[in-house]
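Enquirer: So the chains spell out like this:
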Amino acid sequence: NAGVTQTPKFQVLKTGQSMTLQCAQDMNHNSMYWYRQDPGMGLRLIYYSASEGTTDKGEVPNGYNVSRLNKREFSLRLESAAPSQTSVYFCANGPGVVGQPQHFGDGTRLSIL
Amino acid sequence: TQLLEQSPQFLSIQEGENLTVYCNSSSVFSSLQWYRQEPGEGPVLLVTVVTGGEVKKLKRLTFQFGDARKDSSLHITAAQPGDTGLYLCAGASGTYKYIFGTGTRLKVLA
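So the protein lines, in turn, are chains C and B.
Heads up: the first sequence begins at 1 in my numbering, then just goes up one per residue.
Heads up: the second sequence begins at 1001 in my numbering, then just goes up one per residue.
Hints in this document: simulated from the structure, not taken from any laboratory.
Possibly wrong hints are sitting among the right ones.
Stated by the list, open to error - Result set (SDA-like, lysine to any residue): computed pairs, CA atoms no more than 20 Å apart in a straight line:
1. B/K1097 / C/T86
2. C/K57 / B/L1003
3. B/K1057 / B/L1046
4. C/K71 / B/K1097
5. C/K9 / C/T86
6. B/K1097 / C/R44
7. C/K57 / B/S1093
Model, not experiment: these values are computed from the prediction.
Construct the entire structure; sequences and hints are all you get.
Expert: Now the structure itself:
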């Protein structure tokens, strides 16, 4: 997916460590999203940013913080990683109009030991 | 809390068979999307349905939005190995948010 780029693709952390997942888009869309995907649970929204300068909580925000640095970039930070945060994290963007498609990155596979 | 339940959770069929995947909720959605996800990649949009009762076709895939806009179905005719993947429905919740279903993992055997 050339439109949404996530880094890193894989990461292993120890419990209590911190890290930031990076996401950048080149599609000039207003809205950006962070999801986590766990087996049998589909995608769950962690945080979203409707537009530059705004962020809002999704379904599962506890243990995470986000920063909408500019229109292109939306980062997700784990301050003190826990094993329950082991998951695949997806960043997505969208034009901010209901019904229009979201475009997803290829994901970050995060394991916390 | 809005929830979208998909059934079945897993489906393994032979090439050429037909199948239907269901996406159900007790909530009303202004629109509903279907995505397909392949291993190691993010979901990719297949279709968006907006009007209650709407039917859309994409080659061998037929999508229907329930009259009350609480449920949807995806029917695949003559499935092929290339249809293998995780199918996700997503309902629009408010202006910016989407609620994703639990997913249906389809495997089509040659």
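Enquirer: Each hint should be assessed against the structure and marked as holding or not.
Expert: Hints versus structure:
no. : hint              : result
1   : B/K1097 / C/T86   : violated, 23 Å
2   : C/K57 / B/L1003   : holds, 17 Å
3   : B/K1057 / B/L1046 : holds, 10 Å
4   : C/K71 / B/K1097   : holds, 18 Å
5   : C/K9 / C/T86      : holds, 14 Å
6   : B/K1097 / C/R44   : holds, 11 Å
7   : C/K57 / B/S1093   : holds, 13 Å
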